[in-house]
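**Student:** Chains as they are written, first to last, in the UniProt record's numbering: chain A, 1 to 248; chain B, 1 to 248; chain C, 1 to 248; chain D, 1 to 248.
Derived by calculation from the structure, the hints in this document are not laboratory data.
It is possible that some hints are incorrect.
Identical chains blur together in the list; that is why a pair holds if it fits in one copy or across any two.
Okay, derived cross-link-like pairs now, BS3-like style, lysine-lysine, Cα gap no bigger than 25 Å in a straight line [stated by the list, open to error]:
1) 65 / 88
2) 123 / 138
3) 138 / 88
4) 94 / 123
5) 123 / 4
6) 11 / 94
7) 94 / 65
8) 94 / 158
9) 11 / 65
Number of protein chains: 4
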Amino acid sequence: MTIKVGVLGAKGRVGQAIVEGVNAADDLELVAEIDRDTPLQELVDNGAEVVVDFTQPGVVMDNLKFVVEHGIHAVVGTTGFDAERLAKVEEWTKAEGAGHVLIAPNFAISAVLTMTLAKQAAKFFETAEVIEFHHPTKLDAPSGTAIHTAQGIAAARKEAGLGAMPDATEQSLEGARGADVDGVPVHAVRMRGMVAHEEVIFGAQGQSLTIRQDSYDRSSFTPGVLVGVRNIAEHPGLVVGLDNYLDL
Amino acid sequence: MTIKVGVLGAKGRVGQAIVEGVNAADDLELVAEIDRDTPLQELVDNGAEVVVDFTQPGVVMDNLKFVVEHGIHAVVGTTGFDAERLAKVEEWTKAEGAGHVLIAPNFAISAVLTMTLAKQAAKFFETAEVIEFHHPTKLDAPSGTAIHTAQGIAAARKEAGLGAMPDATEQSLEGARGADVDGVPVHAVRMRGMVAHEEVIFGAQGQSLTIRQDSYDRSSFTPGVLVGVRNIAEHPGLVVGLDNYLDL
Amino acid sequence: MTIKVGVLGAKGRVGQAIVEGVNAADDLELVAEIDRDTPLQELVDNGAEVVVDFTQPGVVMDNLKFVVEHGIHAVVGTTGFDAERLAKVEEWTKAEGAGHVLIAPNFAISAVLTMTLAKQAAKFFETAEVIEFHHPTKLDAPSGTAIHTAQGIAAARKEAGLGAMPDATEQSLEGARGADVDGVPVHAVRMRGMVAHEEVIFGAQGQSLTIRQDSYDRSSFTPGVLVGVRNIAEHPGLVVGLDNYLDL
Amino acid sequence: MTIKVGVLGAKGRVGQAIVEGVNAADDLELVAEIDRDTPLQELVDNGAEVVVDFTQPGVVMDNLKFVVEHGIHAVVGTTGFDAERLAKVEEWTKAEGAGHVLIAPNFAISAVLTMTLAKQAAKFFETAEVIEFHHPTKLDAPSGTAIHTAQGIAAARKEAGLGAMPDATEQSLEGARGADVDGVPVHAVRMRGMVAHEEVIFGAQGQSLTIRQDSYDRSSFTPGVLVGVRNIAEHPGLVVGLDNYLDL
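Pulled out of the complex, with its shape left as it was, chain A reads as follows:
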């Protein structure tokens, strides 16, 4: 019993990778490849149960309205969702027989898991720091993912009643101890050849725990998208963030 999948933006760089991923999976069947000139009706005609949408902010809302109204679920990696858009999508999903929607900013399963596992581990350790590594053409430092990870750790520490981390530094070169994100030091390395990597280190007496994720190339979103496709039937309404699908 396979799941029938349609891909929106099937000719885009990401869309092509999704098409390959679906084709390679025994439990998924590709029934429609939609691009600019393909009518969405083809999804209905071919019995798509789930669509994957990696398109553009300019068309994604129309896509979602159509599929949700036709009871087709949508796994969405397209960017540009603000509170207003999310509210609108959520409303659509509340109708009787509506499709479910998963919208996620990051589908790299290893990156999402790093954040999730780090939040779980945080309360058991006295200290925690984040190091992220990216190619030197990246414009922001630290990465959004690293900031998000540090915030999650800080929240978990607070909830567990942990105070400020010990740090006896008295004499320091500016910047040595990293950026301070809610009390968690975050260090950004820019290295030619690297792609996207994140390391979270926790320390307690006599030991440390490291959770590290390496993205080696841009196809790394595929496994996460397939987790979405396989599980969306069990997650009604609108869900934001792949971590909500990781039944840990």
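Using the hints provided, position chains B, C and D relative to the given structure of chain A.
**Tutor:** Using the frame of chain A, we list chains B, C and D on its own:
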């Protein structure tokens, strides 16, 4: 409101470290240091709520009978528990007003978390391998912890319906691909200077996730023991394994 | 003062990457892109000083004969050189005014440096092991590079009078301690998503030293080729192996 | 043919470790353990060829004057040498038949090698950064060793004609990109449980090279001291820095 703690085997190497750890914790109060020549009654007289027992197989059963009957909880790192002993302890804990007991083979919180997090992550990845690193005077390879970790990963993979891992190796030097533990390759490194370290690596398309634990010295059991002391009141009866206390 | 470079096999996948690399380098000038249908004479006409040859075993000897006789240096990544071929090339390079030749099996500078630095460090440590990581479609385990690295370490240990490494293992699962390459344990990990990675670990009392190399994609040979191009004028005759150019 | 060794400060914490190290080495013979109350003459009487001095700034100059004048070599880890003291020691070593002296601020062989190998590798890579990890009770950040390492990399880059590293960062949290040491970013992590660790990462197209050193406990100076003892006969005069003994 502090927890009143007694330490059994307080003059042993491990006991001393526990004493230090309890003294350094604001929320714990050391009320009794018991050794060979100290009567257990002192625990009762001083109002101990929890004891930590790192003693010997020859005395631990007497210790546990006493404290459980007096409604004192016990966090136990002493070895030598077989099914018969565990059954006896469990029965003691079932009496009205009996103390709770936590018995764990490994209190290094980073090692226990590595096993727990690895089990959670396993189902999202196509491949998984374990590498452990120890000093060259270790007698067994791989370590018991690494075998246990691999078994946990294998079970999680099976439960998620994952099959054998891909491995195209045709030409191999004997031993290169490690030991096979339920289908999970495990590699053991023996390195002068190292203490005890374990690395679990997971791979999916375009990415990998690594969970690594480093024990730098033998005091690394202390934080895990304190997790036990702080939470035992909420875990009635007999619990085996610190992982059951890690409310992830 | 730039170096004038010709690329043989310029339309091949590797050749294209070399063309890009030469174009991006301020100190190099691309003067000829030779492919199947381009006469080699173009190299001479355009004043090429160095050629890069990533072609086929079937044509590389003709290419080399031509360029060496015309006093043009050659940096060669083409495979298929046996002792007989090497002898022939060496003879050509001995003629008055002949071009120099560098033939190397591996141009990934990080991999070549890992081998070179590991050989240097080996004599200062009691233990050494090699771990290599590749995608699960690799046919051999361990990789040729890892075997070569272990052999280099073994030779350096022998030269320094170091004996067998300490290893107290008495009870072992088959394969756990890796493959034995001249007394150096080598472990091979096969991980989906990974490309080509090698880690050499050395241990001495209270410390370890790790040298690790990560190849993230197939363009990783380019920097090493450019090291060859820039330095070949100073290395007359035939040189085999990029390590001979790394003036450490 | 063993080397006869005397240990100055033999009852100090470090001295005891040295005594153990010498006793454990087949090619070294411990002939004198000197402490506060032992006359230095014992070194001469027992035929010491090399002494190891881990004492105090207040006594080390007297020790050195005595041994150098008696033709005994000295491996010195005692601190407090300024230019004036070094000049004096150097003068002593110039006398006919004088002992040789090695003074080093860091005898951890893995740390010294990390610096040395990093300097060698630097010129082959477009980017380089240093990360150091220490316990949270350390007062300075980054560590002196990390600053020294970064300076060595910067000097090697300059000598090779490499310019500033690429870094497109436009939007940054303060401190994220680390401290700037001669153009090399240095990041300092403070982690409970860790001891002293340093990682140097180099990046080039499609690849990276990492050199990492871990000190697990304070005995990590011993192997470097023994390198000094074994080789000092071949290094006349005063030598500052163990790296000068690492014949790479």
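**Student:** Hint by hint, note whether the structure agrees.
**Tutor:** How the hints compare with the structure:
no., hint, verdict
1, 65 / 88, "within (9 Å within a copy, 63 Å between copies)"
2, 123 / 138, "between (32 Å within a copy, 23 Å between copies)"
3, 138 / 88, "neither (33 Å within a copy, 49 Å between copies)"
4, 94 / 123, "neither (37 Å within a copy, 31 Å between copies)"
5, 123 / 4, "between (42 Å within a copy, 22 Å between copies)"
6, 11 / 94, "neither (31 Å within a copy, 55 Å between copies)"
7, 94 / 65, "within (12 Å within a copy, 58 Å between copies)"
8, 94 / 158, "neither (35 Å within a copy, 36 Å between copies)"
9, 11 / 65, "within (21 Å within a copy, 47 Å between copies)"
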